[in-house]
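*Asks:* So the sequences go chain by chain: L and W. Per my numbering, the very first residue in the first sequence carries number 9; after that it's consecutive. Per my numbering, the very first residue in the second sequence carries number 9; after that it's consecutive.
In case anyone wonders, no lab produced these hints; they're calculated from the structure. All values reported here derive from a predicted model rather than from experimental measurement. Treat each hint with caution, since some may be false.
The calculated SDA-like cross-link candidates involving lysine to any residue, where the alpha carbons are at most 20 Å apart (straight line), are [what the hints assert, rightly or not]: (1) W:120 - L:225; (2) L:67 - L:188; (3) L:318 - W:52; (4) W:355 - W:366; (5) W:53 - L:188.
Away from chain W, derived, C-beta distances all over 10 Å, residues of chain L [as the list claims (entries may be wrong)]: (6) 12; (7) 224; (8) 241.
Note that beta-carbon positions come from the ideal geometry of N, C-alpha and C, so glycine has one too.
Protein chains: 2
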Amino acid sequence: MGKRIYNFNAGPAALPLPVLEEIQGELLDFKGSGMSILEVSHRSKWFEDVINEAVERTKRLLGLGDGFEVVFVQGGASMQFAMIPMNLALNGKPVDYINTGTWATKAIKEAKVQGKDVRVIASSEDQGFSCIPEGVRVDGNAAYVHFTSNNTIKGTQWAEFPESGSVPLISDMSSDIMSRPFDPSPFGLIYAGAQKNIGPSGTALVIIRKDMLERVPAGLPAMLKYSTYTEEGSMYNTPACFSIYTINLVLKWLEEKIGGLEKMDRINKEKGSVIYDFIDKSGFYKGTAARDSRSLMNVTFRLPNEDLEKVFVAEATKAGFGGLKGHRSVGGCRASIYNAVGVDAVKALVEFMSEFQKKNG
Amino acid sequence: MGKRIYNFNAGPAALPLPVLEEIQGELLDFKGSGMSILEVSHRSKWFEDVINEAVERTKRLLGLGDGFEVVFVQGGASMQFAMIPMNLALNGKPVDYINTGTWATKAIKEAKVQGKDVRVIASSEDQGFSCIPEGVRVDGNAAYVHFTSNNTIKGTQWAEFPESGSVPLISDMSSDIMSRPFDPSPFGLIYAGAQKNIGPSGTALVIIRKDMLERVPAGLPAMLKYSTYTEEGSMYNTPACFSIYTINLVLKWLEEKIGGLEKMDRINKEKGSVIYDFIDKSGFYKGTAARDSRSLMNVTFRLPNEDLEKVFVAEATKAGFGGLKGHRSVGGCRASIYNAVGVDAVKALVEFMSEFQKKNG
Numbered sequence: 009m010g011k012r013i014y015n016f017n018a019g020p021a022a023l024p025l026p027v028l029e030e031i032q033g034e035l036l037d038f039k040g041s042g043m044s045i046l047e048v049s050h051r052s053k054w055f056e057d058v059i060n061e062a063v064e065r066t067k068r069l070l071g072l073g074d075g076f077e078v079v080f081v082q083g084g085a086s087m088q089f090a091m092i093p094m095n096l097a098l099n100g101k102p103v104d105y106i107n108t109g110t111w112a113t114k115a116i117k118e119a120k121v122q123g124k125d126v127r128v129i130a131s132s133e134d135q136g137f138s139c140i141p142e143g144v145r146v147d148g149n150a151a152y153v154h155f156t157s158n159n160t161i162k163g164t165q166w167a168e169f170p171e172s173g174s175v176p177l178i179s180d181m182s183s184d185i186m187s188r189p190f191d192p193s194p195f196g197l198i199y200a201g202a203q204k205n206i207g208p209s210g211t212a213l214v215i216i217r218k219d220m221l222e223r224v225p226a227g228l229p230a231m232l233k234y235s236t237y238t239e240e241g242s243m244y245n246t247p248a249c250f251s252i253y254t255i256n257l258v259l260k261w262l263e264e265k266i267g268g269l270e271k272m273d274r275i276n277k278e279k280g281s282v283i284y285d286f287i288d289k290s291g292f293y294k295g296t297a298a299r300d301s302r303s304l305m306n307v308t309f310r311l312p313n314e315d316l317e318k319v320f321v322a323e324a325t326k327a328g329f330g331g332l333k334g335h336r337s338v339g340g341c342r343a344s345i346y347n348a349v350g351v352d353a354v355k356a357l358v359e360f361m362s363e364f365q366k367k368n369g
Numbered sequence: 009m010g011k012r013i014y015n016f017n018a019g020p021a022a023l024p025l026p027v028l029e030e031i032q033g034e035l036l037d038f039k040g041s042g043m044s045i046l047e048v049s050h051r052s053k054w055f056e057d058v059i060n061e062a063v064e065r066t067k068r069l070l071g072l073g074d075g076f077e078v079v080f081v082q083g084g085a086s087m088q089f090a091m092i093p094m095n096l097a098l099n100g101k102p103v104d105y106i107n108t109g110t111w112a113t114k115a116i117k118e119a120k121v122q123g124k125d126v127r128v129i130a131s132s133e134d135q136g137f138s139c140i141p142e143g144v145r146v147d148g149n150a151a152y153v154h155f156t157s158n159n160t161i162k163g164t165q166w167a168e169f170p171e172s173g174s175v176p177l178i179s180d181m182s183s184d185i186m187s188r189p190f191d192p193s194p195f196g197l198i199y200a201g202a203q204k205n206i207g208p209s210g211t212a213l214v215i216i217r218k219d220m221l222e223r224v225p226a227g228l229p230a231m232l233k234y235s236t237y238t239e240e241g242s243m244y245n246t247p248a249c250f251s252i253y254t255i256n257l258v259l260k261w262l263e264e265k266i267g268g269l270e271k272m273d274r275i276n277k278e279k280g281s282v283i284y285d286f287i288d289k290s291g292f293y294k295g296t297a298a299r300d301s302r303s304l305m306n307v308t309f310r311l312p313n314e315d316l317e318k319v320f321v322a323e324a325t326k327a328g329f330g331g332l333k334g335h336r337s338v339g340g341c342r343a344s345i346y347n348a349v350g351v352d353a354v355k356a357l358v359e360f361m362s363e364f365q366k367k368n369g
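If we strip away everything but chain L, and leave its shape as in the complex, we get:
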């Protein structure tokens, strides 16, 4: 193989090399089955072990008690934007949303399309989504409160989650699930498209508190009801087997090589310090997110001008650093440093950034 690059993609994103090597090693013969994981039946012992393991690892890593179900649903986070109001709204109650950027805005739009009584109870739109709203007050009458825990495009992240009393929190954790420990008990539902922190694209991980299932209306299509997934162990029909298989390997890596979420969190904080401290001291690079709202997953920054940004991205690419261009909707630069991006990669990037500054500063 050729040289592997330092991958700072926003998603699909870097996966741990040992995971890729394990997939490669067993691709023609999964666990002595004489078949590829791509060829085994989803009803076989081989695959059932895989999906059960993935569920158990998720429960262990996040400290989910028996009150939660873990399922895999195709269609990514965008399908969840639609399924959440469809399944979990309540007659006569508003559904509340906090708007922190593009993905939250899309979630809000999908609830509105369905004619739900949507309230945006807090927003950082006036600040160009460069921060997380402060002092959010949750009204006890809401059916749920939805927020996006990490905002990949603007590089912001909730340091502490909103207090919601008895109102269930619902969170899109696509880009920071499994990056840090948190208390799951206030959450009615947590979802994450796999392709940032836990695997390849093709499935969303959905964690649902069992009492929320009572809200699921009877008349929905089978594939759009959460209860279909919980009742059938995510196998009402053939699931995205390979995505689930890879998620299981990533979670195994997280448990066995990294040692769990506390340790992952420490590593992520170290990576964040390395790059943000450098940016802050550089006098050349400028972080775009408010300091207290900065994401440990997506580091967004600008150079003195757009021409330099283009040169920066081009030279970085040549030097083996990929994915540094900001999202097409906002420009600038972005380094996504998910779990699978090591401290070494972040240090190498900082060294490159420092050299670039010397030549161009």
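Here the structure of chain L is known, so what remains is to put chain W in place on it, guided by the hints.
*Replies:* Same frame as chain L, but now just chain W:
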């Protein structure tokens, strides 16, 4: 690696070995990108080439003109059961279905859940779904006519598709897409879960005639509208990249190694002859589908009694023939001989069946 078995799984099912080897070979470094195909952005040139190629190959192989769009939708055929009536029903017109077994029954159920005016215009339920209904008459008033081209569980297949005049045909071709050429022009929509004939699970291939898009109601959730997929080139959000990548490799194999659908059809007919002729002459094994309705993809058969069937499946498994147990809903035996199952595998199976008969007949 260990010895690979002869894989007669009903789905997920056998993939061509050269495809698996290509995936394995480039798993750590896709086309010199320095990243795995699992790690490249779906907006990158690398992945855009993949998905565009998959679409072009589909169009070439099926002889689709400019009147059709090819998209990839997550959720398998079961999601299509819901999306079809949601998108393509017309006010004041019935939606017509032909019932040939479990999957058709599920498609009917999903249309009824949505309150559509569903008519089952033909059914082989009275024959235990052991045949394809004859002389189906289509009423010109229907919004569409839906049928299942191949029935994996009962082992039946439409030899010739129903005549529908100006009413668009809609077909679930999950288990025989790309197995034979056909005239696409009467079809308004064709769909296929990938995991039988064209790839791993995780995406459905959907072919939609452009005029059908005018039917899509404005108020649907984005992820449930066909127009979202056609307008965004299947990339409104991150698609199931790895599934699409593998589909592209399977279609490449079909074009370059096999030589297209006419040749594939000849090979499939040869495989069918080898096993059905043997079964018919054996006086021991008994095919369960009516002869003129027999599937070239799923060969369903019984042995003289259930105990012998259990022994047969167990000994076959030991001898390296996998997936021969019939569907849990009907019992018996089934050999799924999709495109990727070679003539050699079918001949080896027949030899095993012959030996088994000698010992147990």
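*Asks:* Holds or violated: residue 120 (chain W) with residue 225 (chain L), Cα cutoff 20 Å?
*Replies:* Holds: residue 120 (chain W) and residue 225 (chain L) sit about 16 Å apart, inside 20 Å.
*Asks:* Decide if the proposed pair is consistent with the structure: residue 318 (chain L) and residue 52 (chain W), CA atoms, cutoff 20 Å inclusive.
*Replies:* Holds, at roughly 17 Å.
*Asks:* Please check whether the beta-carbon of residue 224 (chain L) is more than 10 Å away from every beta-carbon in chain W.
*Replies:* holds (13 Å)
*Asks:* Since residue 241 (chain L) was said not to touch the interface, does its Cβ keep a gap of more than 10 Å from each Cβ of chain W?
*Replies:* The assertion about residue 241 (chain L) holds, with a minimum of 15 Å to chain W.
*Asks:* Need the status of pair residue 53 (chain W), residue 188 (chain L): alpha-carbon distance at most 20 Å?
*Replies:* The hint is violated at about 33 Å.
*Asks:* With d taken as the least Cβ-Cβ distance between residue 12 (chain L) and chain W, does d exceed 10 Å?
*Replies:* violated (5 Å)
*Asks:* Quickly compare the C-alpha distance for residue 355 (chain W) and residue 366 (chain W) to 20 Å and report which way the hint goes.
*Replies:* holds (17 Å)
*Asks:* Can you confirm whether the C-alpha distance between residue 67 (chain L) and residue 188 (chain L) stays at or below 20 Å?
*Replies:* Holds - the C-alpha atoms of residue 188 (chain L) and residue 67 (chain L) are around 14 Å apart, at most 20 Å.
Checked against the numbered hints above, the structure breaks hints 5, 6 and satisfies the rest.
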